[in-house]
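**Q** Just need the whole structure built from these sequences, with the hints factored in.
There are 2 protein chains.
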Amino acid sequence: MSDVKRVVIVGGGFAGLNAAKKLSRSRGVSVTLIDRRNHHLFQPLLYQVAMAGLSPADIAAPIRSILSDSHNVRVVQGAMTGADLDQNVLHTDFGDVPYDYLVLACGAGHSYFGHPEWEQYAPGLKTIEQATEIRRRVLTAFEQAERSTNTTEQKRLLTFIVIGGGPTGVELAGAIGEMSRYTLARDFRSIDATLARVLLIEAGPHILPMFSPKLTHRAMRDLESLGVQVWTSSMVTNVDAQGVEVGDERVRAATVLWAAGVEASPLGRQLGVETDRQGRIIVGEDLSLPNHPNVFVAGDQAHAVGESGKPLPGVAPVAMQQGRYVAETILRDLTGGTRVPFRYHDKGQMATIGRSRAIAETKGFKLTGFFAWIAWLLVHVYYLTGFRNRFFVVLNWAWSYLSFRKGARLIVDKEWRSNP
Amino acid sequence: MSDVKRVVIVGGGFAGLNAAKKLSRSRGVSVTLIDRRNHHLFQPLLYQVAMAGLSPADIAAPIRSILSDSHNVRVVQGAMTGADLDQNVLHTDFGDVPYDYLVLACGAGHSYFGHPEWEQYAPGLKTIEQATEIRRRVLTAFEQAERSTNTTEQKRLLTFIVIGGGPTGVELAGAIGEMSRYTLARDFRSIDATLARVLLIEAGPHILPMFSPKLTHRAMRDLESLGVQVWTSSMVTNVDAQGVEVGDERVRAATVLWAAGVEASPLGRQLGVETDRQGRIIVGEDLSLPNHPNVFVAGDQAHAVGESGKPLPGVAPVAMQQGRYVAETILRDLTGGTRVPFRYHDKGQMATIGRSRAIAETKGFKLTGFFAWIAWLLVHVYYLTGFRNRFFVVLNWAWSYLSFRKGARLIVDKEWRSNP
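From first to last, the protein sequence lines stand for chains Z and B.
Throughout, the numbering used here is defined as the position within the first sequence, counted from one, plus 24.
Throughout, the numbering used here is defined as the position within the second sequence, counted from one, plus 24.
These are calculated hints, taken from the structure and not from any lab test.
One should not assume that every hint holds.
It does not matter which identical chain is meant; a pair holds if it fits inside one copy or across any two.
Each computed EDC-like pair below joins lysine to aspartate or glutamate, with the alpha-carbon atoms no more than 16 Å apart [what the hints assert, rightly or not]:
{"#": "1", "residue 1": "K150", "residue 2": "D437"}
{"#": "2", "residue 1": "K150", "residue 2": "E439"}
{"#": "3", "residue 1": "K45", "residue 2": "D211"}
{"#": "4", "residue 1": "K29", "residue 2": "D357"}
{"#": "5", "residue 1": "K438", "residue 2": "E157"}
{"#": "6", "residue 1": "K238", "residue 2": "D300"}
If you're wondering where the values come from, they're calculated on a predicted model, not measured in any experiment.
**A** Shown next as structure tokens:
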């Protein structure tokens with residue numbers, strides 16, 4: 025049948041996966057989903073892998089397994105290398121792929137604000153590999169401190185710096201504070217793990233600026249009760265093997281984590297289309313490119329303007345809704361309907377701070393403390409893809425909560441060969 | 025108190041951990057356990073991590089967490105570099121450690137029979153890192169076959185060779201056969217995953233030679249029903265990026281796994297003590313060194329002679345019993361008792377072949393098929409260290425069994441940096 029339209033989706037994150045799922049019910053399209061990874065990752069819980077609470081497989085599932093019943097969807101592990109938007113052809117590392125519709129959902133990585141050399145000293149948190157690297161660094165710092173007989177060196181090893189006071193930075197800092205206070209405290213003999221110093225550094229005047237001041241204040245207090253020091257209005261000017269510099273001040277730390285800047289996939293800039301300063305592709309109100317109505321951009325890679333006139337934030341709910349919207353728009357095209365603009369339905373926001381504390385805000389309604397944490401838990405478990413993952417994550421959490429333990433405290437090397 | 029004896033244990037595997045646990049009840053000793061890893065690994069289930077059935081954290085736990093209630097035991101992550109047995113001093117990468125008793129339990133790695141260059145083409149299965157590397161290779165082969173349009177290349181990608189017909193080789197080959205036939209079959213569109221070819225190559229005349237011929241025969245038939253071809257009396261003469269050579273015959277395969285030779289930790293040979301051809305340290309009937317009664321060797325690193333006059337096999341039950349025996353012997357020394365020789369209590373042996381099939385043999389009593397598999401399951405779950413692991417492994421297995429799915433099908437890269 026020549027009127028089956030070929031839809032090619034690049035990226036199996038929240039946007040791409042939701043688009044593919046929505047299209048899987050339709051006989052009018054054949055879908056190819058391309059991703060460099062074999063797995064879809066539930067990024068909102070990635071910090072729990074970094075903090076040894078969950079295993080990677082608890083929050084990641086093979087894309088082809090999620091879509092195994094979608095018989096009009098083909099999943100290919102491969103990388104987009106470019107596109108000829110005038111010829112409707114995508115370039116990949118496994119050959120050219122022609123399309124009728126293209127959906128770009130390549131996501132975003134970290135921005136080190138012009139200092140890519142900082143990455144080696146301060147890993148960010150976007151992938152499974154980065155999460156296990158952070159886990160390795162944090163746990164190794166405690167192990168080395170236990171071995172050390174030099175108090176200056178112990179102090180450096182037990183200082184943890186998180187740069188960036190958004191939700192990810194707050195979650196990481198709170199979890200390190202919690203881990204050292206509760207989980208690790210009784211396992212060490214030479215060091216007192218509760219003396220670990222955790223420093224959260226934010227360049228702006230407030231952490232979690234998307235929340236109302238009252239909730240931000242509460243989050244600060246919750247962090248402090250876990251032993252986290254919060255420095256606001258503090259710009260990091262250098263990161264190296266010894267620690268960080270904040271203006272004239274130098275803080276020595278063995279472990280520095282990066283949760284500050286985000287930059288969209290570099291593929292956008294290569295296409296010769298208009299992008300913003302963070303590399304996001306500027307799209308119209310139907311999420312398509314101005315001169316290519318059959319090319320859509322969704323999720324963190326898109327610069328779409330919300331009702332407030334500001335660009336929509338790079339969060340999971342936006343990506344999910346945009347993915348479904350793009351699929352609906354393609355299906356509407358096929359039946360000759362006219363396109364309606366994308367509208368983001370903002371259900372609110374939440375952030376968690378260590379064990380059993382969170383803040384949540386929805387349509388002016390505010391929650392804090394234990395009840396916010398329960399709400400946070402329910403929402404995240406609900407959205408976790410696939411029964412198996414949801415079930416196991418809940419069990420893991422229940423176990424961690426009751427026992428104060430962390431189930432995945434493994435230091436895993438990068439090298440597998442015995443004699444490399 | 026100067027009469028508290030310092031016991032230093034090198035290695036947190038089955039032998040070292042059991043020795044430490046047994047000594048943790050005694051006030052007469054202070055124990056230091058040194059391991060290069062932070063975790064104890066339940067090696068008998070490692071093939072399940074390689075085959076995407078379990079996550080690393082399901083079968084590994086931090087050594088210091090297992091021993092957190094043993095207040096006379098200190099755990100240090102570090103590496104032994106040598107020892108001065110006459111001066112009773114252990115050399116490590118964190119300084120010299122004096123001891124009254126030394127327990128060497130450093131385990132074993134793979135032997136490539138004088139061809140260390142084969143390792144890069146044929147990873148073995150001793151560590152978490154090797155298990156995830158095998159998982160990466162096996163899953164990536166299927167992904168690349170799905171992308172490929174060349175049938176010769178597809179055939180190479182879908183050929184899996186396991187070298188070595190012992191329990192590990194049989195478990196790996198059976199699991200690949202099972203995975204391609206059941207788990208992956210419905211997830212691919214272009215390739216027929218059930219056409220995957222799995223080849224198990226054994227140099228000797230039989231696979232699983234430690235079992236009686238009847239059970240070996242049954243295991244062969246079970247493997248064949250999962251699509252595994254078994255070549256016995258076949259000596260591999262070369263391994264390279266294209267596949268393997270068996271005499272004149274060349275088999276092209278993208279994935280080759282090594283389950284053939286074992287060699288004890290190289291630390292033994294460095295000590296200037298007597299070792300056998302596989303590098304195992306030759307010990308007396310009390311597992312101590314001939315001229316150093318305060319130095320014991322236990323587990324895969326020891327060459328101890330059993331009642332049959334042959335060296336004891338490198339299996340978990342031997343290591344566990346030896347670890348406990350060494351601890352008891354040290355405690356007996358302290359109370360002035362005389363040493364009794366080590367006796368291995370052989371409770372039998374078992375091997376599993378894919379989903380719901382196994383063979384087991386104990387004191388002449390034989391089990392096959394589903395009941396052997398249930399027995400295998402119960403024994404392994406019982407011995408898994410720590411409540412949490414046991415509980416989650418059972419749930420994972422139950423889920424995999426009922427759903428035909430594998431929970432941990434992640435391809436994880438070695439590089440975590442976005443711009444290395």
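**Q** For every hint, state whether the structure bears it out.
**A** Evaluated hints:
Taking identical chains as interchangeable, the C-alpha atoms of K150 and D437 lie at most 16 Å apart only when they sit on different chains, with a minimum of 13 Å there against 19 Å within one chain. Taking CA atoms no more than 16 Å apart as the test, K150 paired with E439 passes between copies only; the shortest distance there is 13 Å, against 21 Å inside one copy. In this assembly of identical chains, K45 and D211 lie within 16 Å of each other by CA distance solely across copies; the values are 15 Å between and 46 Å within a copy. In this homomeric assembly, K29 and D357 come within 16 Å of each other (Cα to Cα) only inside a single copy, at 11 Å, whereas the closest approach across copies is 81 Å.
In this assembly of identical chains, the alpha carbons of K438 and E157 lie at most 16 Å apart whether taken from the same copy (9 Å) or from different copies (10 Å). In this assembly of identical chains, the alpha carbons of K238 and D300 never lie at most 16 Å apart, being 32 Å within a copy and 71 Å across copies at closest.
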